[in-house]
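Start from the sequences and build out the full structure, keeping to the hints where you can.
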Amino acid sequence: MSKDEKRRMLGEILVESNQLLPEQLELALVKQRETGRRLGQVLLEMGFVSYEILTQALTEQTGVPHVWLRRGLVDPKIVDIIPREKAELYNVIPMFRVHRTFTVAMSDPSAIFAIDDLENLTGCRVQPVRCRAEDITSAISDYYGTPLEMDEFLESFSETDVEVVQQSHFEDLHLVEEMAEGARVINMVNLILLNAIKERASDIHIEPDTKHIRVRYRIDGALQQVMSPRLDLLPALISRIKVMGNMNIAERRMPQDGRIRVVAEGKDVDLRVSTMPTVLGEKAAIRLLDKSQLVVDINKLGFHPDTLMEVKRLLFRPHGIILVTGPTGSGKTTTLYAAIKSISTIEKNIVTIEDPVEYQLEVINQVHVNPELDLTFARVLRSVLRQDPDIIMVGEIRDRETAEVAIQAALTGHLVLATLHTNESIGAIARLLEMGIEPYLLTSTVIGVIAQRLVRLVCDECKIAYFPPSELLERIQWSGHNVSFSTGRGCAKCFDTGLRHRRGIFELLQMDETLRRTVLRDPSFDELREVCSETGMRTLTDEAFRLAEEGATSLDEVMRVVFVEEKARIAAASAA
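Throughout, this note's numbering is defined as the position within the sequence shown, counted from one, plus 250.
Rather than coming from a laboratory, the hints here were simulated on the basis of the structure. Warning: the hint list may mix true and false statements.
[Unchecked claim] Here are the simulated DSS-like pairs of lysine-lysine, each with C-alpha atoms no more than 27 Å apart in a straight line: (1) K517 - K743; (2) K448 - K533; (3) K541 - K448; (4) K517 - K562; (5) K598 - K550.
[As the list claims (entries may be wrong)] What follows is a set of in silico ranges between Cβ atoms, one per label pair, in the way DEER data are often shown: (6) L271 - I593: 47 to 53 Å; (7) V314 - M559: 35 to 41 Å; (8) P568 - R725: 46 to 52 Å; (9) R382 - P527: 30 to 36 Å; (10) E449 - P315: 27 to 33 Å.
Here the structure is a predicted model, which is why all the values come from computation and not from measurement. Just so you know, even glycine gets a beta-carbon here, dropped at the ideal spot from N, CA and C.
In structure tokens form, the structure reads like this:
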């Protein structure tokens with residue numbers, strides 16, 4: 251073997267890459283001779299290198315790639331190919347199989363004797379990848395277990411871990427028990443709910459696939475698959491959920507809605523249940539309304555300080571309409587709740603009209619609309635005006651009738667807060683004009699429009715800095731300095747997305763004298779945009795790029811949330 255073909259020493263690689271000083275290497279070698287441990291372990295213990303730097307050097311030295319073991323990388327169907335005692339002995343876990351080759355995560359891929367033993371045991375070729383020892387230990391605990399052990403686990407999972415506060419009463423209890431298969435299925439449903447609450451999920455989807463049940467959580471706006479129970483358990487799982495939600499377990503051909511209130515992890519959580527028949531069986535979607543996750547402090551929503559000051563000033567106006575706009579799931583209701591909370595006092599009569607009432611607030615009268623009983627937004631709003639209100643919140647302005655009543659309320663001295671489904675603040679003015687609202691009524695009542703989005707933040711656990719290529723900066727028309735941005739490498743905490751938690755970005759449109767004169771002329775959408783641009787209004791795009799430059803979010807997330815819409819708007823304007 252020539253000199254070039256000899257494997258380079260780990261210390262040499264680290265020194266040559268400027269990740270380790272020669273003096274530090276000498277100290278580590280002395281420590282290694284004293285303890286007999288591997289050099290990499292000694293370097294970690296002495297704090298000379300990080301685990302990430304060490305794994306890069308080991309990959310360069312050995313050619314064995316490194317992985318961050320996380321959900322989705324381990325196929326639970328094949329882990330039993332290596333017995334648990336062997337997995338624990340060698341600190342390994344099989345990840346997946348391609349033909350006759352098993353990819354196996356190992357804390358020590360240089361353990362040739364372990365690889366030979368595993369190949370003899372399985373009759374397959376073992377392809378090792380490097381992984382942290384503690385991650386493998388955790389994965390062994392998570393993935394190993396016989397069906398009997400799973401049954402024992404579910405039986406040991408206490409029903410009191412999820413306390414159902416409101417549950418339906420069925421006369422035919424034996425039928426329910428037969429369909430729900432007793433405590434095992436009850437505990438499995440409780441486990442799904444409990445884990446969803448722990449992971450801060452907003453929704454749970456339990457849906458049939460061709461070979462198994464697919465359980466997914468929506469976390470920070472994105473769906474993540476977390477479990478794949480046997481397909482034959484689907485009727486029992488759906489039946490248990492229906493029992494909890496006061497729904498008809500015998501009806502499987504029609505969609506149904508229900509509601510459950512539970513206490514889990516010391517939290518009071520409302521669950522909105524919806525079931526729907528599909529070609530493969532019934533599907534259940536559960537919306538989690540966790541009161542502990544509700545941010546009702548307007549100072550913590552993510553407003554730019556200047557924008558926040560202007561919003562507070564509008565909230566203390568004695569009358570007028572403040573609109574909050576954005577697509578479904580952008581946090582409009584949360585913003586309205588926080589706004590009301592900021593001005594709520596015992597001296598004010600505040601009434602909300604919602605569909606449905608998502609969270610119950612103190613010292614506030616909340617009304618749930620019911621279109622089946624002709625209890626519409628407009629009808630309830632007319633009744634509210636006879637209740638001597640100071641402030642009224644309308645969950646959504648959906649039609650001209652509701653808009654006209656809201657305008658009448660503002661004209662008679664009330665402050666009205668409402669949502670409207672438009673993508674930006676200017677769109678709210680255009681939408682009301684399209685509904686047939688007279689321009690002079692808009693200019694007399696609408697005092698401000700808030701548009702918002704929810705932007706995912708870079709995960710703190712796997713956050714790294716990088717310099718994006720110049721081509722990307724040109725594509726997004728970046729005009730700032732060529733500074734480093736942040737992105738997430740992906741880890742177990744963020745489900746390999748690199749993003750965790752969300753915050754709002756906002757733009758505020760105020761009805762000033764210039765905009766008022768423009769609206770009275772019944773302007774086009776582009777005319778409204780041009781006027782707002784001349785006022786220097788901070789747009790959603792401006793706010794998103796500010797977060798990216800501060801390192802709070804990634805450029806990819808900015809492009810996903812606002813830049814695609816901005817590019818589409820520019821292209822449409824150019825075509826016109």
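Structure-based check of each hint:
1. K517 - K743: holds (21 Å)
2. K448 - K533: holds (23 Å)
3. K541 - K448: holds (13 Å)
4. K517 - K562: violated (31 Å)
5. K598 - K550: Holds, at roughly 24 Å.
6. L271 - I593: 47 to 53 Å: Violated, since L271 and I593 (Cβ atoms, about 59 Å apart) do not stay within the stated range.
7. V314 - M559: 35 to 41 Å: At 56 Å between Cβs, range violated.
8. P568 - R725: 46 to 52 Å: holds (47 Å)
9. R382 - P527: 30 to 36 Å: Once the Cβ atoms are compared, 45 Å apart, the range 30 to 36 Å for P527 and R382 is violated.
10. E449 - P315: 27 to 33 Å: holds (29 Å)
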